[in-house]
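S.K.: Letter by letter, the chains look like this.
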Amino acid sequence: MEFDPALFVELFTRTFQFWWVIVPAIFLGLVVGAIPGFSAANTIIILLPLTLAMEPEIGLVFMVALYASSRMGAGIPAILVNIPGTAGAAATPLDGYPMTKQGRGQQALAISFVSSVFGGLLTTVLTLLAMPWLSQVAFYLHSVEMIVVMLFGISLIASIAARDTLKGLIAGFFGLMLGYIGADVVYETPRGTFGFLELYDRVPLIPALVGLFAVSEAFAVIEGESILSKRGREAMQKAGWAETFEGVRLALSKWWHIIWTSIIGLVIGVVPGAGAAIAAFVAYQQSRTYSKTPELYGTGHVEGLVAPESANNGVTSGTLVPLLVIGIPGGATAAIMLVVLQYHGVTMGPDLFMDNPELAYGPFAAMAVTYFLMIFTIAPLARYMSRITVVSTTYMSPIIISFTLVGAFVPRQYMFDMYLALAFGVIGYVARKTGYHTAAILIGVILGPLLETYFLRALKISEGDIMVIFSSNLGNILWVGLALSLLLPYLFQLRRAKQEAA
Amino acid sequence: MTDENETDKPEKKSVGGELILPAAAFLFTLYYFYTILDVPRIAQVSAFFVGTILIVLVTILGVRIAKQVKAGEADLRLGRILEPKSYIPKRLALLGLTVGFIFFVDWLGFTLTVFAFLTLAMLLLSEGRRKVLILCLSTVLAFGGYLLFIVAFKTRFPQGPFEKLMEGLI
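Which chain is which? The protein sequence lines are L and F, in order.
Counting in numbering that gives the first Met the number 0, the final residue of the first sequence is number 501, and the numbers go up one at a time with none missing.
Counting in numbering that gives the first Met the number 0, the final residue of the second sequence is number 169, and the numbers go up one at a time with none missing.
These are computed hints drawn from the structure, not numbers from a lab.
Small disclaimer: the values here were computed from a predicted structure and weren't measured.
Be aware that a few hints might be false.
[Said to hold, decoys possible] Each computed EDC-like pair below joins lysine to aspartate or glutamate, with the alpha-carbon atoms no more than 16 Å apart: (1) F:Lys84 <-> L:Glu499; (2) F:Lys89 <-> L:Glu222; (3) F:Lys89 <-> L:Glu224; (4) L:Lys100 <-> L:Glu187; (5) F:Lys153 <-> F:Glu166.
This is chain L alone, in the form it adopts within the complex (with noise of 0.2 Å):
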């Protein structure tokens, strides 16, 4: 795995050439990526059969260009409609919703454009590099580490997503509850079912997402003639292609924040089953800690959508190291490309780079042209995509109901699953209109799982005993980073109590 820039320039330059695979793939990827229920991982299996008749090489590039763009389209309805396409996009609405809001829809997504882009770009880059040593970050991960990080995840949405961390905690906490819902892994009985033999197989991630932001949001909003306030109305009719430039330049402005945001992103995509909502949120909540002006997130901030756009967007190089590097898939799309490239005899782990370079660094390079070429192909739309904003809610909201609700039956294909989407529409409404973030509990029901299964596995190697959780020193240090994260604002706002009383 050594540094060789003569075989870099050769894959980049015969990446290029492949321009005719990879211009498609990014609108399908688009597409595919901007509506709910249709993920990159099953669009892929949709057309299998074509991948799996392409050479290797033109297969992966075709998957890993449709792959990346997904994740950039997923950001284009949680700005305009504050509908993530993806769960990875679910902290982008924080800031970009209301940016939309304001009229400012076409400066959001140049913004977002522009942050997925050099993001995916540099930590494609810097994977390729650094790929020795971030294959070593997964190693440092076990289970009892993974439960303290997966609570810190919870608490840091709660934190961010709420104006109310107690109300944050408390939507965080039913989430993972409600993730916990199905039969166990080791004893297959049923929890939580309410005798329903659909919710066996957990609670199915598309209707949730479709529920909590897509439906709750139509009921919602029917309320005003548009999304749009009056004044953003007015800013989106004369809006122009300088609303485009304007966004390009203020991501361009916040370089620095593009750079390290993505690079959390990079370091969360490595460890596998993180993933991009979660990598989305620590950088958002990283940003507003570390930003001069903390009180303007949330209120359609450029960091407050920089900050995730790029995170998420550095994940998608960050899943494919454990995948080339000790074949475990870091998400879905990773796990179809390794049925995919094992149908075809590749073989993963650490030999593949001695035996073939090309195809272990080519996902890579294939990344790397797809961001570069999604420069140009995709930043001139937002001037369009923004204007279904003015679309009146009359029209808009049993559009984004019909069309959602369906997009929920598809994963699984069963009717029940639409329901459950409407009824996670009637909690996410409940939500939305009492200050608990529908945010926190989607986050929540994609941890529940994965909570279980490392709390099941650490228990499994203790023998049954609870304090294994506290048997690592890296886990301990997770815990005290933990509990400082939740108490110190508490005690920073006593403290400004005493100082304003005094």
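Keeping the supplied structure of chain L fixed, place chain F upon it in accordance with the hints.
M.R.: For chain F alone, coordinates are given in the frame of chain L:
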């Protein structure tokens, strides 16, 4: 004089709605605990760990709200959930249409159900205005959705008479 006193009084915050989600979470957690009573201890630990934290958090919130109510700063009305009240009938009707959409899509298939839902829901929200535009829009969206998702992407959407007829024709 009375009026003046009323306007001077700080408005009470309605916090009843804020208790709905924690109450649901609390009840669900108790139900979940009930369903795991018979499983081996090792499989109970994580649920008891998370569930207990959740119950503690809900209790803290309950105490906080009780203090606010006792101090006269808040009351237990539902507040924002029902506001604006003029939209309650529309919202309930839209919910009814959505349940109908899910119920009928199994038989009528994607295209016809989407068309019917879009037409009815848009007419409801526009209070019967712009009928022609709504009909055209519903037709274009339902048929466009059919072409994009079922014909082009080969997505396995619910199939009904329209999809079967088109399959026969194509």
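S.K.: For every hint, state whether the structure bears it out.
M.R.: Going down the list of hints, with the structure as the test:
1. About 39 Å separates the Cα atoms of F:Lys84 and L:Glu499, which puts this hinted pair outside 16 Å; it is violated.
2. Distance hint between F:Lys89 and L:Glu222 is fulfilled; the C-alpha atoms sit about 10 Å from each other, no more than 16 Å.
3. Annotation: proposed proximity of F:Lys89 to L:Glu224 holds, straight-line Cα distance about 14 Å (limit 16 Å).
4. Annotation: proposed proximity of L:Lys100 to L:Glu187 is violated, straight-line Cα distance about 47 Å (limit 16 Å).
5. For the proposed pair F:Lys153 and F:Glu166, the alpha carbon gap of about 12 Å is at most 16 Å, so the pair holds.
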